[in-house]
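**Q** Chains as they are written, first to last, in the working numbering: chain A, 2 to 154; chain R, 19 to 249.
Read the hints as simulated data drawn from the structure, not as lab findings. We put the beta carbon where it would ideally sit given N, CA and C, even for glycine. It is possible that some hints are incorrect.
Per label pair, the in silico range of CB-to-CB distance [as the list claims (entries may be wrong)]: (1) 134(R) to 60(A): 18 to 26 Å; (2) 112(A) to 143(R): 16 to 24 Å; (3) 149(R) to 75(A): 54 to 62 Å; (4) 51(R) to 92(A): 24 to 32 Å; (5) 143(R) to 92(A): 25 to 33 Å; (6) 28(A) to 216(R): 31 to 39 Å; (7) 34(A) to 124(R): 50 to 58 Å; (8) 92(A) to 127(R): 47 to 55 Å; (9) 32(A) to 227(R): 38 to 46 Å; (10) 61(R) to 63(A): 37 to 45 Å; (11) 92(A) to 223(R): 40 to 48 Å; (12) 60(A) to 26(R): 51 to 59 Å; (13) 81(A) to 223(R): 41 to 49 Å; (14) 74(A) to 226(R): 43 to 51 Å.
Chain residues, written in single-letter form:
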Amino acid sequence: MSKFSKGKKKKDPAISTAALPDIVFMLLFFFMVTTVFKEKESKKLEIDKVAIKETIDLEKNIKASYFWIGRVPGKVDDFRVQLDDDLINDYSEIRDYLTKLRKNPEYSQVWDSRFFNVFKVDKKTEMRIVRKVHDELKEAEAFKVVYSVNREK
Amino acid sequence: MAKREIEEINAGSMADIAFLLLIFFLITTTMNLPQVHEERLPQKSDVEFLLNERNVLQIMANKNDKIGIEGEFADISDIQGAVKKFYQHKNGTANQPEYIEVTRKICEDTLESLENALNVYPDAPLFKIEQDAWSRRLNACLAFGDGFQTLPNNATVSIQLDNSTKYVTYMSVLDQIMQGLNTLRDSLCREKFGVSFEKLNDKVESDKQKISAIRQVYPKKIMKEKNRSVQ
Numbered sequence: 002m003s004k005f006s007k008g009k010k011k012k013d014p015a016i017s018t019a020a021l022p023d024i025v026f027m028l029l030f031f032f033m034v035t036t037v038f039k040e041k042e043s044k045k046l047e048i049d050k051v052a053i054k055e056t057i058d059l060e061k062n063i064k065a066s067y068f069w070i071g072r073v074p075g076k077v078d079d080f081r082v083q084l085d086d087d088l089i090n091d092y093s094e095i096r097d098y099l100t101k102l103r104k105n106p107e108y109s110q111v112w113d114s115r116f117f118n119v120f121k122v123d124k125k126t127e128m129r130i131v132r133k134v135h136d137e138l139k140e141a142e143a144f145k146v147v148y149s150v151n152r153e154k
Numbered sequence: 019m020a021k022r023e024i025e026e027i028n029a030g031s032m033a034d035i036a037f038l039l040l041i042f043f044l045i046t047t048t049m050n051l052p053q054v055h056e057e058r059l060p061q062k063s064d065v066e067f068l069l070n071e072r073n074v075l076q077i078m079a080n081k082n083d084k085i086g087i088e089g090e091f092a093d094i095s096d097i098q099g100a101v102k103k104f105y106q107h108k109n110g111t112a113n114q115p116e117y118i119e120v121t122r123k124i125c126e127d128t129l130e131s132l133e134n135a136l137n138v139y140p141d142a143p144l145f146k147i148e149q150d151a152w153s154r155r156l157n158a159c160l161a162f163g164d165g166f167q168t169l170p171n172n173a174t175v176s177i178q179l180d181n182s183t184k185y186v187t188y189m190s191v192l193d194q195i196m197q198g199l200n201t202l203r204d205s206l207c208r209e210k211f212g213v214s215f216e217k218l219n220d221k222v223e224s225d226k227q228k229i230s231a232i233r234q235v236y237p238k239k240i241m242k243e244k245n246r247s248v249q
């Protein structure tokens with residue numbers, strides 16, 4: 002029997018982890034706030050957007066259909082229209098697409114108020130293409146159009 | 019000799035620091051909304067107004083993206099001035115649009131006669147459109163405390179484009195028109211309400227009234243050529 006106990010080592014006090022959730026939450030909130038959802042970009046077309054001075058903010062919480070009009074990469078003058086995810090071959094596809102969309106109550110309820118057709122169009126596009134798309138929109142009774150642009154400072 | 023036990027660090031204020039940082043970032047971070055130009059396509063059933071030449075400001079862009087105003091070649095930056103002139107000619111100028119005078123009394127009288135007309139023909143769509151227009155004008159009069167002059171219903175800035183005109187030209191023409199219009203709106207807003215038009219927030223009720231009052235005096239009237247016929 003010894004007076005001195007050798008085995009009993011003194012433990013370091015545990016570091017308090019009480020603040021850990023705070024830090025995690027802080028990071029979480031920070032990223033939640035600073036994340037700007039990138040505007041949908043077309044993967045199939047090259048689009049050089051127009052910059053103008055008088056612009057307005059796009060409204061929040063809208064329902065939208067997206068139209069891209071731009072050049073097929075690698076070709077010089079081949080302008081095509083992309084509707085949501087696919088390039089269209091015939092303009093009448095637009096009408097069919099919108100008619101189908103309107104059957105969905107989520108869209109039909111806001112059709113005249115919060116439903117927008119968002120256009121992203123390349124600078125050099127000829128107006129005939131834009132007009133053809135507009136004609137189809139009128140046929141489908143979707144009258145609200147917004148052109149996505151860059152703001153010129 | 020007994021070793022002194024290391025004291026636990028007090029972490030109580032850690033949360034405070036975290037919140038402080040959180041609030042700092044909350045306030046300083048702004049979200050950018052996508053910037054757009056809004057346009058309403060004409061409905062197929064829209065009444066084709068018979069337009070009087072003097073009530074139309076004609077802007078053209080040909081296939082080479084050259085601009086014309088009222089049939090004369092012009093520079094794109096001339097559009098702004100032309101739009102300003104179109105919205106506020108001095109009385110008695112040749113070819114000025116036929117402005118309509120709006121005062122509180124005229125609004126009330128017109129609304130009353132429209133009311134009577136609607137009692138006789140309850141389904142006439144044109145009367146209802148007029149009724150809406152005049153009640154908005156009455157509100158504008160009340161907001162200004164004063165009458166004003168404005169363009170007649172069928173007046174419009176008309177844009178004529180060739181099929182081969184580039185999209186960028188169309189957008190710049192629209193931008194020039196809006197710049198001209200917004201300059202007018204801004205100076206009216208400063209004169210009547212002492213603030214710039216841009217500062218008005220359409221989510222605040224009192225500002226909303228001011229915005230709609232100013233829009234009554236300088237309405238955005240842009241028409242693309244297809245659906246119009248000139249007298």
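**Q** With reference to the structure, classify each hint as holding or not holding.
**A** Hints, one by one, checked against the model:
With their beta carbons about 39 Å apart, residue 134(R) and residue 60(A) fall outside the hinted range of 18 to 26 Å. In this structure, residue 112(A) and residue 143(R) meet the distance hint of 16 to 24 Å, their C-beta atoms being roughly 21 Å apart. A hinted range of 54 to 62 Å for the beta carbons of residue 149(R) and residue 75(A) is consistent with their spacing of about 57 Å. Range check, residue 51(R) to residue 92(A): Cβ separation about 30 Å, and the 24 to 32 Å hint holds.
Residue 143(R) and residue 92(A) have their C-beta atoms about 31 Å apart, which keeps the hinted 25 to 33 Å range intact. At roughly 36 Å, the beta carbons of residue 28(A) and residue 216(R) sit within the given window of 31 to 39 Å. Restraint check, residue 34(A) to residue 124(R): a C-beta distance of roughly 52 Å satisfies the suggested window 50 to 58 Å. For residue 92(A) and residue 127(R), the hinted distance range of 47 to 55 Å is satisfied, since their beta carbons lie about 50 Å from each other.
Remark: the range hint 38 to 46 Å for residue 32(A) to residue 227(R) is upheld by a beta-carbon distance near 40 Å. The hinted range of 37 to 45 Å is not satisfied by residue 61(R) and residue 63(A), whose Cβ atoms lie roughly 20 Å apart. Look at residue 92(A) against residue 223(R): about 43 Å separates their beta carbons, and that is inside 40 to 48 Å. Between residue 60(A) and residue 26(R) the C-beta distance comes to about 53 Å, which sits within the given range of 51 to 59 Å.
Distance hint for residue 81(A) and residue 223(R): a CB-CB separation of about 46 Å, consistent with the stated range 41 to 49 Å. Residue 74(A) and residue 226(R) have their C-beta atoms about 45 Å apart, which keeps the hinted 43 to 51 Å range intact.
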